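Please put together the full structure from these sequences, using the hints given.
If you're matching positions, the sequence shown starts at 5 in the numbering used here and goes up one per residue.
No lab work stands behind these hints, which were simulated from the structure alone. It cannot be assumed that every hint is accurate.
Cross-link-like lysine-lysine pairs, in silico, DSS-like; alpha carbons within 25 Å at most [unchecked claim]: (1) Lys1215 x Lys1225; (2) Lys69 x Lys99; (3) Lys99 x Lys60; (4) Lys658 x Lys775; (5) Lys720 x Lys557; (6) Lys253 x Lys203; (7) Lys99 x Lys89; (8) Lys984 x Lys1085; (9) Lys32 x Lys69; (10) Lys886 x Lys468; (11) Lys886 x Lys394; (12) Lys349 x Lys886; (13) Lys89 x Lys32; (14) Lys696 x Lys349; (15) Lys143 x Lys98; (16) Lys11 x Lys143.
Here are the in silico distance ranges between beta carbons for each label pair [as the list claims (entries may be wrong)]: (17) Ser171 x Asn147: 26 to 36 Å; (18) Ser171 x Leu30: 26 to 36 Å; (19) Pro761 x Pro296: 49 to 59 Å; (20) Leu30 x Trp53: 16 to 26 Å; (21) Ser165 x Leu48: 20 to 30 Å; (22) Glu337 x Ser200: 47 to 57 Å; (23) Pro553 x Lys691: 48 to 58 Å; (24) Glu281 x Trp53: 48 to 58 Å; (25) Thr457 x Ser200: 29 to 39 Å; (26) Gly513 x Ser174: 40 to 50 Å; (27) Ala132 x Gly471: 54 to 64 Å; (28) Leu48 x Met239: 24 to 34 Å.
Please read these numbers as outputs of a predicted model, since none were measured by experiment. We put the beta carbon where it would ideally sit given N, CA and C, even for glycine.
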Amino acid sequence: MKTIEVKLINQGQEDEMELWGYRPCLWKIILVSVGTVCSGGLLLLLLFWLPEWGVKGTCTLTSLKDAHTLLLRTTDEFRQWFRTKVHVMLAPGKKPFDTLDLQLPNEHHSVSAVHEEHHGKCAYVQPAQIHYFTHHSTKYYWNDVIQNFEFYRGLEDVRMSCTSIHSDYSSGLPKALQDYRRLFFGENEIAVRVPSLFKLLIKEVLNPFYIFQLFSVILWSIEGYYYYAATIVLMSVISIAASLYTIKKQYVKLHDMVATHSVVRVSVCRGNKNIEEALSTELVPGDVIIIPANGMIMSCDAVLLSGTCIVNESMLTGESVPVTKTSLPSSGEEAASSYNTEEHKRYTLFCGTHVIQTRFYTGELVTAVVVRTGFSTEKGQLVRSILYPKPTDFKLYRDAYMFLLCLVGVAGIGFIYTIVLSIMNKVPARTIIVESLDIFTITVPPALPAAMTAGIMYAQRRLKRVGIFCISPQRINVCGQLNLVCFDKTGTLTEDGLDLWGIQRAEDGIFFPPEPNAAKESLVNSTFVACMTTCHSLTKIEGKLSGDPLDLKMFRATGWILEEPTEEETALHDLIMPTVVRPPQHAVPTANQNSEITQNTELPELSSCEIGIMRQFPFSSALQRMSVVVRRLGGKYMEAYLKGAPEIVASLCKQHTVPQTFTETLETYTRKGFRVIALAHRQLESKLSWHKVQSLSRDLIETNMEFLGLIIMQNKIKDETAGVLHQLRQANIRTLMVTGDNMLTAISVARDCGMVPAHEKVIIADAVPPKDAHPASITWHYTENITQTAKDSQTVEIDLGKGIYEKQQTPQEQNYHFAVSGRAFSVITEHFPQLVQKLMLRSTVFARMSPDQKTQLVEVLQSIDYIVGMCGDGANDCGALKKAHSGISLSELEASVASPFTSSTSNISCVPNLIREGRAALITSFCVFKFMALYSIIQYLSVTLLYSILSNLGDFQFLFIDMAIILVIVFTMSLNPAWKELVCRRPPSGLISGPLLCSVLTQILICMLFQVLAFLLVQQQSWYEIWTPQSNACNVSALSSGLNVTAPRDPKNIRNYENTTVFYVSCFQYLAVAVVFSKGKPFRQPSYKNWLFMLSCTSLYTFLLFIMLHPVPAIDNFLDIVCIPQDWRIMLVIIVTVNVAVSFLLEIVIFDIMLWRLVVRGNQGLNHPTESSSADTPQEAIDRWGSLFLSRLLCRRNKPPKMCYMHLALKLQDDTNWPPKPFTVTYASDPQSHISTTL
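Right under this line is the structure:
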């Protein structure tokens, strides 16, 4: 048989999939049809649940080109299978961006596509057959060249340079070409189809658990359990109705969110300056649209060709600060690069974002070329991630299915036992089949998924009350396992706003002394203040100054006024009316005051105080700077002003203008935790016109600048930050800082907020890429915490001068932290892969990190088995927030698609709240699962014992147990709130763990022991006999005797002494394990604070004791209970009391105290391998020796840790060369990363 190569689609991306082609096979289809009829449709259901079996069972393997059906499998850890049909369409070309010579009879005709179901013909060219399939709202088309299916995203597929986009697409597309491209890209809409109730019902009913319930109901009806079956059917109907309502509501909500402003009328350019109105659904990549002056909601991703837009992107990022988008560069180095949405996002308007206003020119409209449409847009991809979420990769759910398989195995044993026993007792074949199958319905609880979901739903409700909104409820459980949280700095750990501490101007390569006030009159005409007032992205929205908080603080510190032209003023001029900034009238200096200003900064003309901003190059995270081109009123030349990271700005300036003390001065401020911004200036050539400036690239502007000085901003730590970080540290949860700020500033803030304790060292890993003949290298700088200065007792000084190294201590005995810059992170991941994991184990500060690097960092941490949380403001952290196991966005919006969790509080106090609720939800899931498992096993034991005497539980007994006990207990035991504080130990992540399994197995043995004991003891009683309606063991009132005499004989043998005894004992066992498994401290509030649970348990205990000690004939008849003597009732009370006591003692003493301490102590030792042990207290000594004994007993001694980071920590304990000594260098050329002490 010929081997067919497996193909990949979306290679290297998150949704990468393997692909196989199949064609129908007649003989396989016939066999499956016969099997379906013989199995009563069960085979068809099985093939529906397992798509790979369905395809392989009805089709044969073939090449992708000839395939009718495709089988897809994701390449991630979930290995999900999907099946899809291949369709065929006819089109004039084979690719959307093919150049077609479409000669149309008249302009009103358009290209038509004919699908295989519409047998039409293309009138203009010979149509080509194109095979395609649709998966998760995305179409994939066959490509003959690569012999595989591919996905067309949009204009990026052409890989055009920015210059080419300007030259080839500025005039728009002809109507015929637009229609042709629409064949491939479809309608420009993010279509969230709300399924009909019938479709949702069929999908819900075909769930394996509901099919199992249907099987159970049929079986119970055959056995005559009509009341119980009817009740289960009613409950299932209510459950399905509630589920359908919830799902339908979610679909409608998502549909409404997406549909808002999704279809609008837009102005489209058609070449030769023709403009026509069209619906946004008709847009295709390459269309040129006009952005109106009053703004619009974007219905596609488009890149600006001309003009400037102020955009609110809060829907995508959660950040409500408006951003400025400028036109795509048409010349220069950046214009020569291929257009990419991510790299050129500062020029791109994204679908779903709100364009608040535009800046336009007379005769030159604000235009943008459509880049992506529909589900390919940024918004479309986010909606796809909501519609088709990945399964939650959590050990609990994998273990739950394993446990269910174990229960099926137990049921199999009971199945065989029942058959053998029934044959031995010559039971009719029909009864054997029914009763043996009934064992499966008892052992496998079909209500388990709903029961386990209850705790998550309650946790979600509690989170909403504290202002934390969740769009992915399954992740709440994952939050309970977090052992590392990354924090953004600005706006997260520190205040969003910055206060201006002062300025330090520079002239002729010399720094002036620091000045606290930038608004004094002597500085009005200085280039320094001119830079502060113009180099920003501020705009006026509804008369209010709006923009980046840093820009706002900087501008307001000058006291100047910003004025924007109105639409009428712009229309009066041939060119755009610039934004103008000017000082307040009282601040304009006189001629005498001007004489005090140096020649470089003196501007004698009063009119020159007004400055117009001609062009703006927005701030770029990658470039770490922004710049503007301005012209003073009456000035003869234009000027460029630059603002950005001090190191970047200094590198773009003429070296003689940068003070020699620049590095020392910068370090002085950054050590104290200040945020420092550098300014620069350049006078442009006088011949530059406005039009020429608009086409210049920023690379030509941002060079040969003159250094102006520094702005020193004070970024205060939020009041809650230190306390929250202390809580997390106490809870054994690692915290990292990931920021785009300066390294020394980040280290200072880390020390101030307690992320890096004052007595612990910080080692800066300064990595440089290879250059010329020199390999990549890492220099290790040690920082020291020296005495605090008298000026600021709260300031932490960081000295990079000496790097004192204490030789008396071994490196492993010191507590140290690594600090890594974004540049160093890139170099290390590329050239030092063998050091990455070592560094990640002790790295605490990551500075100058780009958004992509933040995402990459989260991936690296996850690769060494950390459960990672990420907390940021949602602006530059979207990738990391989505990539982390638990992303928390601090946003005022109720919910943001940027992350699974959104907190309306603007500080990190939400993090411990979320972890506490996650731990509570996780423990609740464990409690419910253990309880449901014990419920099944207890009932299984009861039925198995009764089968031995050819009896069973009665219809109303089953009903009472399931409805009055199990249902009430399951939904009330989940109500325990989270514990009030975080503790240092974490709950287990899965059910397959020593303590949990021991707990469950021990309770099973206890329940079995006491049920068997009661069952055997009742048969040994002197009054015992095989029960008949005439039996009178209790010798009670004549009424009871009369009832027994007249009662008809039960053919099912339900009413007997064994049944009554087992029923009483098992009912108390259900309640006992519920209370035993309902854990409180340290993850949940104690059960006695859950008043509904306590009320339920107390009421049920009271009721059971009442009917056992004081029989009520009506209740006895209803529950099929027979009369038993009073002394046997007392004996039953003693049996159940001892049962409850033994269950409590074993669970609390052995498992809650001894085993947990063994497991947790071992894990803590691995989490903190470098901490030195102090002298043990008596209690600690007992714990240590107890742990040692149990570790030997359970064969845990010297067992290697499962987690990669724990294994690494143990290895590093024996590594004498780690951490590296100060001022040593590691070279990439050495395969062992030997550290050479060359400095």
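Hint check results:
no. : hint                        : verdict
1   : Lys1215 x Lys1225           : holds (18 Å)
2   : Lys69 x Lys99               : holds (16 Å)
3   : Lys99 x Lys60               : violated (32 Å)
4   : Lys658 x Lys775             : holds (23 Å)
5   : Lys720 x Lys557             : holds (14 Å)
6   : Lys253 x Lys203             : holds (15 Å)
7   : Lys99 x Lys89               : holds (21 Å)
8   : Lys984 x Lys1085            : holds (9 Å)
9   : Lys32 x Lys69               : holds (22 Å)
10  : Lys886 x Lys468             : holds (20 Å)
11  : Lys886 x Lys394             : holds (12 Å)
12  : Lys349 x Lys886             : holds (19 Å)
13  : Lys89 x Lys32               : holds (18 Å)
14  : Lys696 x Lys349             : holds (24 Å)
15  : Lys143 x Lys98              : holds (14 Å)
16  : Lys11 x Lys143              : holds (17 Å)
17  : Ser171 x Asn147: 26 to 36 Å : holds (27 Å)
18  : Ser171 x Leu30: 26 to 36 Å  : violated (56 Å)
19  : Pro761 x Pro296: 49 to 59 Å : holds (56 Å)
20  : Leu30 x Trp53: 16 to 26 Å   : holds (24 Å)
21  : Ser165 x Leu48: 20 to 30 Å  : violated (55 Å)
22  : Glu337 x Ser200: 47 to 57 Å : holds (55 Å)
23  : Pro553 x Lys691: 48 to 58 Å : violated (38 Å)
24  : Glu281 x Trp53: 48 to 58 Å  : holds (50 Å)
25  : Thr457 x Ser200: 29 to 39 Å : violated (25 Å)
26  : Gly513 x Ser174: 40 to 50 Å : holds (45 Å)
27  : Ala132 x Gly471: 54 to 64 Å : holds (56 Å)
28  : Leu48 x Met239: 24 to 34 Å  : holds (27 Å)
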